[in-house]
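Chains A and B, in that order, give the protein sequences.
Quick note, the first sequence lines up with residues 1 to 474 if you use this note's numbering.
Quick note, the second sequence lines up with residues 1001 to 1474 if you use this note's numbering.
In silico BS3-like pairs for lysine-lysine, Cα to Cα no more than 30 Å straight-line:
1. B:K1033 with A:K237
2. A:K33 with B:K1122
3. B:K1099 with A:K442
4. A:K203 with A:K442
5. B:K1242 with B:K1175
6. B:K1330 with A:K121
7. B:K1033 with A:K33
8. A:K456 with A:K434
9. A:K15 with A:K4
10. A:K144 with A:K33
11. A:K56 with B:K1058
12. A:K99 with A:K33
Which bits of chain A does chain B cover? Going by a derived footprint, with three or more residues having C-beta under 8 Å, they are:
13. 23-32
14. 62-71
15. 89-95
16. 112-126
17. 136-147
These aren't lab readings, by the way, just hints derived from the structure by calculation.
Where a beta carbon is used, it is the ideal one built from N, C-alpha and C, also for glycine.
Protein chains: 2
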Amino acid sequence: MENKAITKRDVDFAKWYTNVVMAARLCDYSSVKGCMVIEPNGYAIWEKMQSILDAKFKELGHQNVQMPLLIPENLLQKESDLVEGFAPEVAWVTEGGSKKLEERLAIRPTSETLFSDYYSKKVNSYKDLPMLYNQWCNVFRWEKTTRPFLRSREFLWQEGHTIHATKEEAEKETKQMIDVYRWFHHEILAIPSITGIKTEKEKFAGAEYSLSNEALMYDGIALQSGTSHYFGQKFSKAYNIKFTNNQNKEEYVYQTSWGTTTRMIGGLIMVHSDDYGLVLPPRIAPKQVVIIPIGKEGLADKLSEEINEKLNKGGIASYVDKTDRSPGYKFAEAEVNGIPLRIEVGERDLKENKITFARRDTRERIVESADINITSYVEKLLDTIQDDMYNRAKQRVESQTFTAKNLDEMKKILAKQPGFIHADFCGNPECEDKVKEINGCKSRVILPDEKLITGKCVACGKEAKYHVVWDIQY
Amino acid sequence: MENKAITKRDVDFAKWYTNVVMAARLCDYSSVKGCMVIEPNGYAIWEKMQSILDAKFKELGHQNVQMPLLIPENLLQKESDLVEGFAPEVAWVTEGGSKKLEERLAIRPTSETLFSDYYSKKVNSYKDLPMLYNQWCNVFRWEKTTRPFLRSREFLWQEGHTIHATKEEAEKETKQMIDVYRWFHHEILAIPSITGIKTEKEKFAGAEYSLSNEALMYDGIALQSGTSHYFGQKFSKAYNIKFTNNQNKEEYVYQTSWGTTTRMIGGLIMVHSDDYGLVLPPRIAPKQVVIIPIGKEGLADKLSEEINEKLNKGGIASYVDKTDRSPGYKFAEAEVNGIPLRIEVGERDLKENKITFARRDTRERIVESADINITSYVEKLLDTIQDDMYNRAKQRVESQTFTAKNLDEMKKILAKQPGFIHADFCGNPECEDKVKEINGCKSRVILPDEKLITGKCVACGKEAKYHVVWDIQY
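So here's chain A without its partners, still in its complex pose (with noise of 0.2 Å):
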């Protein structure tokens, strides 16, 4: 049924991102400016990706742990490029306990800073490696212009920061976590994405390099989601992290660091929402099936209760929606929230042994005979909905993919619609200048492959060293 809080997709983007996130009641604007409430049903997607990472992360051996909220301006200031990043979005604390500070705290925005103050400390013997900790938590940034999820002064995330013996190691976990970034979007969220390296411009204030993983939104524009940092040896000879290695020499460590946000959930909702409100991939959807009871003879409310049951123990989310409202509105609230199936359990149609499937990504209605294996039934409709998610998803990524071979087509393109662009670029800072001129295109990431590399820099047509796909981001 048409959602009239909902303004239409196609007419205007951003005002139907912002009425999907308030009629599925996922956030609210707060009376903090640039802050926002998490409401249950946003707190609940960020619970099911938490648990999921969660369990990866551990999996590979990472340990959780809590560095503290604040930051000594002394202690922030020895990693001169990172303070030369964060310093215009810092909120500072300075005052505490009625009294005026002699110095100035900083509410984290990144905590390498308090990761490696800590790790100075506990480090002695190559045996003491790799040190692999991750943390969730809240961090907070001064952002000037805020959109509920996408950009928020405070906003939740995990940073997993490691500390390794040799280079190799280093390295090999910097790309093993912007694979997981990438698994979890493809695999979970349905958001086929393309993984490389930042350019030197674009890349994490302090590393030596950055690999992202960047989604592209129904509007065609990007959205960088999950980072992962080599750092090399900067953050440990400016926070003195020293080991003995397997040789006896003094050695300094080799870093890592790597988070993914809350922006994500922005994320899910401008790639696979509709007019209808949110629309979630099954294996993300904190509840998965919605089972509703229509009829007054307690025959579908025993039906309901049963097939829950049954759901349940099969490892479905599904609950039954006994609450005491008409089948419409109830249709209508599952279809807002994103839940991907509903079951309807009518006692008319019952009389026949019929229920009623309707997937929420398609709105397409099945009926099949009560008396089907509905574990395994709802278990294959779930997948089916995952799969074509993540397929319409690719299609429309596909269909949103250029090439460009000087600044004319960009030009020509973006006119159009944005989209990943691909173009080659010689290396040149003052080149990626040229191409934001265009919309404020940017760089999204250099892909590693050589072979793509077929033409000159898009901007200066002299020799090109990458192929880089570009976009505008959010």
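Given chain A's structure and the hints, the job is docking chain B onto it.
Chain B in isolation, oriented as in the chain A frame:
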């Protein structure tokens, strides 16, 4: 084996406590004054606490949300009792994005204000009620003297905040949640505790009344371990949280909040640990069983893996210590880390078809046939350890529980050792001040059974209204 890094508990309890925290690598001091780094062993305990409590909260219908970290000063000031209670402890953000702010922002010391502000916008009708929200987050209080887990400027906690249509329902919720904390302490942490009502002087700033769960540490000092507050309409009037009731009349909601913190980790240590390091009750231990193979023929390794697989399948958190270190080193490490049960699989013993179990709590070693049903044996043994730990703690509390009729008796008891002191009380805060003069002794809780009142007020000798338990506190 004697642990030289740990001061004897009966020699210097405070030093012993810090030594155990450090030796078991639960947390460490950070470069940020008054803030700690929670290390992997400590954070794993917190994660297990979270997962058990969170499942219970959800079972009772609560949903998780996330409120902002910062509170604008004017919002904080709307409820005057709360401001007065927390003002001296607030950390203030006064600069952000390189500019001085027009209004100071407090780092949340607790989130009644933010929840109330949110609820005031969200609730309309009695049909929207109850709203049963909880959040897991960090809070900040500018403490002067700090101790790992027990008192730190930043700590992790959960805070539940609920609103209801009736007084009865809200009071039922307040009681229900203190009972959850009590259950958690008794059944999971093996910590006997007393539950009751805080006196007017000791209740939460802004509450109509506070219920508290109080545990007794090894040294006889009390630790407040979980509180549940009934606010009545105090916050709903201050923050204008109104709804239309089922008589179609406007009314203010009835409100509660309840919370417990990482401080419980400190409580666990101070109740159960010993001169050899950490001792954890099996139900809260992240790792319940360590299996240590001894011998180089491969036989011990193979059997250890088999045992581990069986235990894991049975839902027991076991692991094989396969590291390249001596059995003695492995024993000592498992001991200081508080792994409840050690299984020694030695090749010499296997020739006689024997394996050995070593309990961490009693340090008793039990030799058994290698043919026993290992899963059910270990399950039972872990239950026995849990029960024995609870009973020993309970006996100690009983031996540290006293009765006093007047201040002289109280002084005599406290001169010998602290403990739960039962004494009647007239209700006058000045009498509490007099008690406080004795080593800082405070009312812990009023026990709700009036029949317990048998005498006169311990301080003034006048008519008693309450039967109170008193003690020095952490």
